[in-house]
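Peer 1: Protein chains in written order, with the working numbering: chain V, 1 to 185; chain H, 1 to 168.
Keep in mind the hints are simulated off the structure, nothing from the lab. Glycine residues also receive a C-beta, built at the ideal position from the N, C-alpha and C atoms. Where hints are given, some of them may not hold.
Chain V is faced by these chain H residues, among others (derived, beta-carbon under 8 Å) [stated by the list, open to error]:
| no. | residue |
| --- | --- |
| 1 | 30 |
| 2 | 104 |
| 3 | 165 |
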Amino acid sequence: MSRKKKKRSIAYRDVELNIMPFIDVFSMLNTFLLFSAVFLSVGVLEVQIPFLSSQPPPDDPKDSRIFQVNIDVTKDQVEVQTSYSRPPEQAQKFPFPNKPEGLKQMHQKLAEIRKQNAATDKATVFSDDEVNWESLSAVLDSVMLRVEGDPIFAPAKDAKSKEKAELDAKTFLYPKIVMGSVMLK
Amino acid sequence: MASVGGGSNDTLSLNLNPMLDIFSILITFLLMSFSTDPVSHDVDAGIELPQSSTIVALDEIPAIVVTKTEVRVNDVKVADVIAGDVPEKDRTQGAIYPVFTELKKLAEANKRVTKTAKVDDPNAKGSTGALTMEMDKGHRFKLMKRIMLSAQQAEFVQFKLMVQKELN
Chain V
1 MSRKKKKRSI
11 AYRDVELNIM
21 PFIDVFSMLN
31 TFLLFSAVFL
41 SVGVLEVQIP
51 FLSSQPPPDD
61 PKDSRIFQVN
71 IDVTKDQVEV
81 QTSYSRPPEQ
91 AQKFPFPNKP
101 EGLKQMHQKL
111 AEIRKQNAAT
121 DKATVFSDDE
131 VNWESLSAVL
141 DSVMLRVEGD
151 PIFAPAKDAK
161 SKEKAELDAK
171 TFLYPKIVMG
181 SVMLK
Chain H
1 MASVGGGSND
11 TLSLNLNPML
21 DIFSILITFL
31 LMSFSTDPVS
41 HDVDAGIELP
51 QSSTIVALDE
61 IPAIVVTKTE
71 VRVNDVKVAD
81 VIAGDVPEKD
91 RTQGAIYPVF
101 TELKKLAEAN
111 KRVTKTAKVD
121 DPNAKGSTGA
131 LTMEMDKGHR
141 FKLMKRIMLS
151 AQQAEFVQFK
161 LMVQKELN
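Taking the hints into account, I'd like the entire structure generated from these sequences.
Peer 2: So, in structure tokens, the structure goes:
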């Protein structure tokens, strides 16, 4: 005897999906994220100024002849000056126009100078009073920051953190900038 | 689909699908741009920052804010800026006296904190730390120099100058 399979009818029921909590959560999340959204990314340029001290500067005969890099900034021109602290000073000057193309050329020159004198990681910037902050920040960018294609110099040996020193070596051309114009009259 | 019952027997169906589409896309975008930086700071309305290709992020709220019209230290107005400089009555030896007095208080407070707090670097004990400065891009270096001189007198020698990161 063959058995006939009984077909069971599947009853479909209408199910209502309550999306009101979903809309509540989305609207709260939206409000929070809109208020906390940051549409302007901010960074910093770290600089130092000369430190006033009543003590005489250290006179270490071993480091007596130090290679110095100075950058003189005016409204129209940026001049890179290199020299040694003791004779023979071998002073050299490299002027560039204070414009984007001039700053690019200055950056290339500074990269060459750093290659020849890798131990000197400090540059002193002297700025005219009339130079505006926007122009000065472009010069600081050009002096401080490494761009693609620049050589990576060895991290500073006296660095407190090895990881930070390695990151600084990849990020900066001249990590230490001193604002030399900041002196009491 | 949500339904809204009216006064009469007719019901209005409100189509929420487009609203949910917009919400989900907006939330996806905002979640992706949500900042998890330690510091969230809104640039002052009276300031336009210069652009820079720096990758160093801001890590503390700026102590000195120099807008087009005033100088503030820790949100307290200390001097006016008129024609790009502070009035002569506030100046002494090239520095700005009200800025110096506020920064001196800040320096004392920072020294007390760093003396007692555990710090990794022994040289940082009792130090004043770095000063973050937010300044409008149109100001001349003369004004920045005055502020730095004032800070130098208050024993601050490290500065973090705020800039706007360039979009790559």
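Peer 1: It remains to establish, for every hint, whether it holds in the given structure.
Peer 2: Structure-based check of each hint:
no.	hint	result
1	30	4 Å, holds
2	104	14 Å, violated
3	165	4 Å, holds
Going down the numbered hints, you'll see the structure goes against just number 2.
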